[in-house]
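I would like the entire structure built from these sequences, with the hints used as guidance.
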Amino acid sequence: MSAGPSDDSDRDDRKRIAQQFIEAIPHARALGMRVDDLGPGRAVISMPWSDHLVGDPRTGVIHGGVVSALMDTCCGAAVMMHPASPRSTATIDLRIDYMRAAAPRQRITARAECYHMTRSVAFLRAVALDEDGENPVAAATGAFTAER
Amino acid sequence: MADRNEPLDRIKSRRDSALNALVSGVPYMTWLGIRFDRRGDELTAVLPFDGKLIGNPVLPALHGGVTAAFLEVTAIVELSWVAMWEDLESGRIAPDAAVPESLPRLPKTIDFTVDYLRSGLPRDAYARARVVRSGRRYASVHVEAWQDNRSRLIAQATGHFLMPQP
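Chains A and B are the protein sequences, given in the same order.
Going by the UniProt record's numbering, 102 is the number at position 102 of the first sequence; the sequence numbering is gapless.
Going by the UniProt record's numbering, 157 is the number at position 157 of the second sequence; the sequence numbering is gapless.
Just so you know, the hints here were simulated from the structure itself, not pulled from any lab data.
Beta carbons are placed, not taken as given, at the ideal position from N, Cα and C, and that holds for glycine.
You can take every hint at face value.
Just a few of them, taken from the derived set where beta-carbon distance is under 7 Å, the chain B residues facing chain A:
1) Val26
2) Pro27
3) Trp31
4) Gly51
5) Lys52
6) Ala68
Here you go:
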């Protein structure tokens with residue numbers, strides 16, 4: 001499907017609003033999160049590597065907790081982008097599988113998708129990638145509240 | 001076997017400096033402001049409230065990712081602490097924050113599942129972890145976090161970890 005100029009500007013508007021939304025979250029701002037893409041029930045958010053986020057000083061690998069924070073934020077954004085337009089959302093549970101260490105000094109990108117929505121619960125899947133976009137660093141599944 | 005007559009200040013300084021080495025070696029723990037209270041071998045993690053930990057500025061509430069990170073850090077420190085206790089007490093190891101090679105290698109998280117029970121208030125949070133099973137290669141750890149009341153948990157989690165191989 002091709003996107004006309006008005007679709008593009010809609011998308012830019014939504015992205016700008018989402019970026020403002022992210023910047024209003026102190027912890028997302030503290031981690032330097034950036035909205036890269038949005039779609040219906042989908043979000044892509046990334047953040048830079050940084051010295052103070054290191055979990056293993058021997059290798060410079062970022063702490064798993066940072067990846068959790070990024071995936072949690074990205075899943076929340078995907079819920080808010082769902083066509084059912086929930087007013088707000090909160091995490092009920094989130095499971096993260098750590099497949100490999102993220103490469104030091106590389107940007108981390110999370111992609112989340114809301115694959116099912118009931119009247120009050122959203123079901124999410126997400127992956128986290130470093131600059132090797134083929135082999136995910138981590139995968140997550142979660143359930144979020146959806147306030148209508 | 002522990003020496004019954006070992007001076008108390010020496011015992012305390014050995015344990016405190018090992019714990020300090022475990023925590024201060026990890027930049028992310030320092031950035032979040034996490035510290036550990038120790039009573040004998042029992043550890044309680046403390047996350048002092050800070051504005052940058054907020055995830056919902058309207059309520060306000062702690063960021064779910066901060067809660068997850070706090071639980072995960074607590075699980076890893078508890079697991080390392082339990083694993084090194086015998087070696088520490090017998091004098092086989094003496095972790096020192098100033099000597100990077102003396103620091104124990106940390107377990108790696110395989111998976112971590114967080115159950116969010118209440119929204120985190122803008123106040124200090126506490127957590128305690130329990131090693132449910134620790135084998136030579138794999139370990140399972142349960143961890144709970146609370147704020148004002150120990151019986152009103154804000155979140156709990158279970159994680160599986162790969163132990164550092166000697």
